[in-house]
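These protein sequences, in sequence, are chains A and B.
In our numbering, each residue's number is its place in the first sequence (first place is 1) plus 1099.
In our numbering, each residue's number is its place in the second sequence (first place is 1) plus 67.
Don't take each hint at face value.
Some residues of chain B that are not near chain A, with every Cβ distance over 12 Å (derived) [unchecked claim]: (1) A96; (2) A99; (3) S117; (4) R143; (5) P198; (6) G244; (7) K299; (8) Y323; (9) I360; (10) G390.
Every beta carbon over 10 Å from chain A, so not counted as near; a handful from chain B, in silico [said to hold, decoys possible]: (11) G81; (12) N104; (13) R213; (14) G392.
With beta-carbon atoms standing in for the labels, derived distance ranges [as the list claims (entries may be wrong)]: (15) A:V1144 to B:D355: 55 to 63 Å; (16) A:I1148 to B:G237: 41 to 49 Å; (17) A:V1130 to B:D320: 55 to 63 Å; (18) B:R224 to A:F1126: 19 to 27 Å; (19) A:T1287 to B:R224: 43 to 51 Å; (20) B:E377 to A:T1287: 45 to 53 Å; (21) B:G237 to A:R1237: 38 to 46 Å; (22) A:V1130 to B:D206: 43 to 51 Å; (23) B:D206 to A:F1126: 26 to 34 Å; (24) B:S115 to A:D1240: 42 to 50 Å; (25) B:S380 to A:R1237: 44 to 52 Å; (26) A:R1237 to B:S263: 38 to 46 Å; (27) B:S263 to A:F1126: 30 to 38 Å; (28) B:R80 to A:G1229: 18 to 26 Å.
If you are wondering where the hints come from, they were derived from the structure by calculation, not from laboratory data.
Ideal Cβ placement from N, Cα and C applies to all residues, glycine included.
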Amino acid sequence: MVAFTKRQMVDKLDETAKSAAVVRSPFQQAVHRFHRNTVAKVGLVMIIILVLIVIIGPFCMKYDPDAVDLYNVRAKPSVEHLLGCDDLGRDLLTRLLHGGRISMAVGLTSALLSIMLGSLIGAMAGYYGGIVDGLLMRFTDLVLTIPTLPLLMTLAVIFKPSPVFLVVMIALLMWPSSARLVRSRFLTLRELDYVRAARATGESDARMILTHLLPNSLDVIIVTATLSVGNSIIMESTLSFLGCGINPPTASWGNMLQNAQSTMATAPLTAIAPGLMILLTVLAFNFLGDGLDDAIDPKRDKR
Amino acid sequence: MERGQTVAEELQRGDELLRLENVRKYFLANKAMREENRVYVRAVDGVSLSLRYGETFGLVGESGCGKSTLGQTILRLEDPNEGSIYYRGTDISKLKPAEMRPFRREMQIIFQDPYSSLDPKMTVGAIIAEPLIVHKMGDAQERARRVAELLELVGLRPEHAKRYPHEFSGGQRQRIGIARALAVNPKFVICDEAVSALDVSIQAQVLNLLRRLQKELGLTYLFIAHGLAVVKYISDRIGVMYLGKIVEIADSDDIYARPLHPYTQALIKAIPEPNPDIAQAEDLLNGDVPSPIDPPSGCRFHTRCPFATERCSAEEPELCDVGGGHMCACHLVSQE
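Bound conformation, chain B alone (with noise of 0.2 Å):
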């Protein structure tokens, strides 16, 4: 099986392998022919960050904050209107779809719902084989052993490669989509809320599949969910995002102890407690989140936020580091 190299040599851990810059994708909200006219949806509105090779990074917001747009903007399957993208020192936010073909081969994506991401009429065997035939890897032997070793590299058995997606259930299904994204050995890929469909004890055991194979492959990942809980779990570096925008980098540990952002402390105390003696915490969010097409004026989060001053509806803040890789955009904090 060819393993090469398609776009460098031999990356490092620690290097780094994704870049963002400013990247912004709008989406048309009405059918309006005249620009003066026209409504956009400002799902993903100015994210710049960047991702170190072997590295989770977890990327966490409310449902409709742009997450998931953020992720399919950085595989191309939507086309940024704004910004850079750059993989491994190539921007390939122009790229045509010829030139973006080697590098899908090191970028991949594992998708939230099990039942959708499988084609129903092929056979899972076919479906795990699909990437090795769109990069002509392997003959059809070589992609049939293949086949078997990535079903056993995510817990399932060589011969379910002879069975149809619904015979299986909703874990496994994850697994299987795990195992057609690692099919061409990609160096990165996308988990967008990769667990968050799946019961509970399942969504430990993908984890815990995740984080082995991370180990194994040397993976890196952009971790999409909803909420910390789980991102927590498996992040290395956690970013907080509202309304297209990113409040909040830092390292996992760090996000936890000291967050900064008023949304990301409201995130945290949004996580359940298992133990009922605990009194919950007061709710801090109010309110729903705004609508992106017209989007609050200075601090996205002011009109939610229990601490907003003048400044913050008036002023943008800026994504400024706190010390330590910790950055947050808040008025508050930088003041200090």
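Looking at chain A on its own, in the form it has when it is part of the complex (with noise of 0.2 Å):
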């Protein structure tokens, strides 16, 4: 071995650690990487764009959206309405305001639930394995075998389905493909030298989730949240198609859609605003879900 003195070896390591990398920290890498994709960004553009439009664009028309007007039924679009009028001679653009507010908030809140039930689900099976992870992973398979419609069907006939109803029972049937995912990273992690050194410690399994396992599940979660962000709203947009979502005459985009049956052939646009704004926002969370997952993903990094 070649003689070094302490000093000298000291400075070849830091100039090793200098020219290792420019950018920092792994929050810092993933945002690089994310910034180089560019479908992801046209994603998160589009989201930005569509949540913008339906939190202000209210705001702007000048019309209410349940109010009835019989002498524009089913009208054209013109300079007034420039989306044209449903079959009760409502604005359609408005509607479609309005609407979007709804969907997109239970969109959102519902995979947010579900993302959060789902993590501290697959967390603790992932976690502590055994039959805690047993347990949960069966009842996790049993949730996934319910018939999500009929059984959402039936609920909404015995109860009124009320926005937060929606929410919460979205969720409910949601987290479980959220919680295999996490499960199985808990796994990974785990098993892992800097997880055993922090047992070896003496942290606290609190301590050990909190400061070691999440943060390095994080990226799962992350990308999981903004795909199932469209998996909501499109779930949403069916059950209120089917009736047993949002009752009308409050809008969403599912239940202007219904309404659009009868009007599709004389006023086509009652049915192609709201299936385009829905197709665009889940096209956009997807997109920006699957740049996430490649702007994070621990493969692309050098470690």
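Reassemble the complex: the two chains are provided individually, in unrelated frames, and hints are given to aid placement.
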């Protein structure tokens, strides 16, 4: 071995460390990779635009979304009614914006709720393993076997579905997929040496989960959450379309589509507009989710 | 910085620090519900040994012989199925996690893979300070000072505390791992193949560092490795493990001068000879390591031993003293 003085060696080590990377923290690296991902950026920009539209849009409209105007039944698009009117003469654009608020809010909150529930259950199963894992995963399997639509339709008949009810129901039926993903990540992490080192130090379970396991599972959680926003929006639309979701006259993209069944032939925009909005929103969230997946994929990390 | 004794009073060099008695660790290899259908991997199958304060005990054996499992069992990262682990006179083999905590401050581990042993989401400073936080040692300022001190101790710079593990090379990461292990002033450190994943030149650096730290801090090492070459350099005593059992224990010099067990002899012959003019010894070992699920009867080495007799396959040899603290488990040796 070549003899180095201690100082020389430190200098040499320092040089290597400096040249190792320009970008510093794992978060900054992820931002950097995200920045180079065009599809993901398109998704993010689309989401920002859509969210701004549904938040600000309704304030700019002069019509009440639920006001019936029998003189304008199925009115063609005009300067007064940019997208025309539906079968009760309600302004389509106004309803589209108000419905967007509901659909987006239900989609986002139920995705958030389901990822929180899924992460909690997945984390417990993955961390404790053994019997806890067995029981929780069988329960997860059980929830996955529940036929979602018939159940929700039955419940909608029994209870009058409010937006909050919908959010909770969608979340309760959607958490299993995120639970499985978080569990498998926890199972992998649990065997890694830095977690063993933490155990050898005597860290409590809570500290181990909060400081090591959860931060290193955040990529899975964020990606799953983003992708499930799209699913929740579709779920809400489906239910509203079937008449088991948001109750008319309150507008949502789903029940606008249902309403359009009778008017499609004469006023095609009543179907095209909400359909297109659902499509764009889901697409945007899926773009973003896929892009995030690539950006924080640890396999692209040089570790 | 608080550096008090947590378990007992000051130790003298040469005092017994750790004693294992008949430690066994079995892993379930299938998922059978009924006991009679269960198949176990006998990773550690009755190991007894004792470590003295201040010494380096080298533990060698082929991959899969159970040496790493033994290390993890001592730290209670795995719970032993049987046997006792006495640390400074206290049996720690059945302690609950909370009761184990004061002992965890005295025993630490350095892992083989410098890539998976550091949390990629934490800065180096946070990684090294973690054990201090867990054991409530000092406030934020004192911890920062201690981290800087530790980084210098292992040959890095205090500024490195702000960086992330991915910015460092394998050797540097191993130094960070060493700094983390030393943060709580442990007495006993398990080096689980701590240099096996490093380049040869870096290996020497890290070994020198470990040696220096031992002198400065009075550490006791259990140095686990798969080959004798590395262990020879650093160990005071060496134990050779085969299929979950210790077959020979002796002073480092003694085991090279006078290897008694045929397996130890084979391992010594397996050390690469740097001079090509010296003819390589013939391979002494034939075949693969038998499965630890169903280990051979009698002496576990008899299937690969060139000197095996009938007695070897029938009767299991005991680990017995052949003089001067040299222990060996072989019928051929005990007959003489």
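Results of checking the hints against the structure:
The non-interface label for A96 (chain B) is consistent with chain A: the shortest C-beta to C-beta separation is roughly 16 Å, beyond 12 Å. With a cut of 12 Å on Cβ distances, A99 (chain B) stays outside the contact zone with chain A, its closest approach being about 15 Å. Residue placement check: S117 (chain B) keeps its beta carbon more than 12 Å from all beta carbons of chain A (closest about 21 Å). The beta carbon of R143 (chain B) is not kept farther than 12 Å from every beta carbon of chain A, the shortest such distance being approximately 8 Å.
At roughly 4 Å, the least C-beta separation between P198 (chain B) and chain A is not larger than 12 Å, which violates its mark as non-interface. Its closest Cβ contact with chain A, about 8 Å, brings G244 (chain B) to no more than 12 Å, contrary to its assignment away from the interface. Remark: the non-interface label on K299 (chain B) is consistent with the geometry, its nearest Cβ contact in chain A lying 16 Å away (cut-off 12 Å). Distance check on Y323 (chain B): its Cβ is at least 22 Å (rounded) from any Cβ of chain A, clearing the 12 Å threshold; non-interface status holds.
Non-interface call for I360 (chain B) relative to chain A: holds, since the shortest CB-CB distance, roughly 21 Å, exceeds 12 Å. No beta-carbon of chain A is positioned within 12 Å of the beta-carbon of G390 (chain B); the least distance is around 37 Å. Listed as outside the interface, G81 (chain B) is consistent with that label: its C-beta sits roughly 26 Å from the nearest C-beta of chain A, beyond the 10 Å cut-off. Listed as outside the interface, N104 (chain B) is consistent with that label: its C-beta sits roughly 18 Å from the nearest C-beta of chain A, beyond the 10 Å cut-off.
Every Cβ of chain A is farther than 10 Å from the Cβ of R213 (chain B); the closest lies at roughly 15 Å, confirming the non-interface assignment. No beta-carbon of chain A is positioned within 10 Å of the beta-carbon of G392 (chain B); the least distance is around 30 Å. Checked against the given bound of 55 to 63 Å, the beta carbons of V1144 (chain A) and D355 (chain B), roughly 59 Å apart, stay inside it. Roughly 46 Å separates the CB atoms of I1148 (chain A) and G237 (chain B), a value that falls within the hinted 41 to 49 Å.
Judged by the Cβ atoms, the range 55 to 63 Å given for V1130 (chain A) and D320 (chain B) holds: they are separated by roughly 57 Å. Between R224 (chain B) and F1126 (chain A) the Cβ separation comes to about 24 Å, which falls inside the hinted range of 19 to 27 Å. Between T1287 (chain A) and R224 (chain B), the C-beta spacing of about 33 Å breaks the proposed range 43 to 51 Å. Between E377 (chain B) and T1287 (chain A), the C-beta spacing of about 48 Å keeps the proposed range 45 to 53 Å intact.
For the pair G237 (chain B) and R1237 (chain A), the beta carbons lie near 42 Å from each other, so the given range of 38 to 46 Å is met. Here the CB-CB span from V1130 (chain A) to D206 (chain B) is close to 33 Å, at odds with the stated 43 to 51 Å. Taking 26 to 34 Å as the suggested C-beta distance range, the pair D206 (chain B) and F1126 (chain A) conforms, at roughly 27 Å. Between S115 (chain B) and D1240 (chain A) the beta carbons are some 46 Å apart, a value that agrees with the proposed interval 42 to 50 Å.
The hinted range of 44 to 52 Å is satisfied by S380 (chain B) and R1237 (chain A), whose Cβ atoms lie roughly 47 Å apart. Look at R1237 (chain A) against S263 (chain B): about 41 Å separates their beta carbons, and that is inside 38 to 46 Å. Between S263 (chain B) and F1126 (chain A) the Cβ separation comes to about 32 Å, which falls inside the hinted range of 30 to 38 Å. Checked against the given bound of 18 to 26 Å, the beta carbons of R80 (chain B) and G1229 (chain A), roughly 43 Å apart, lie outside it.
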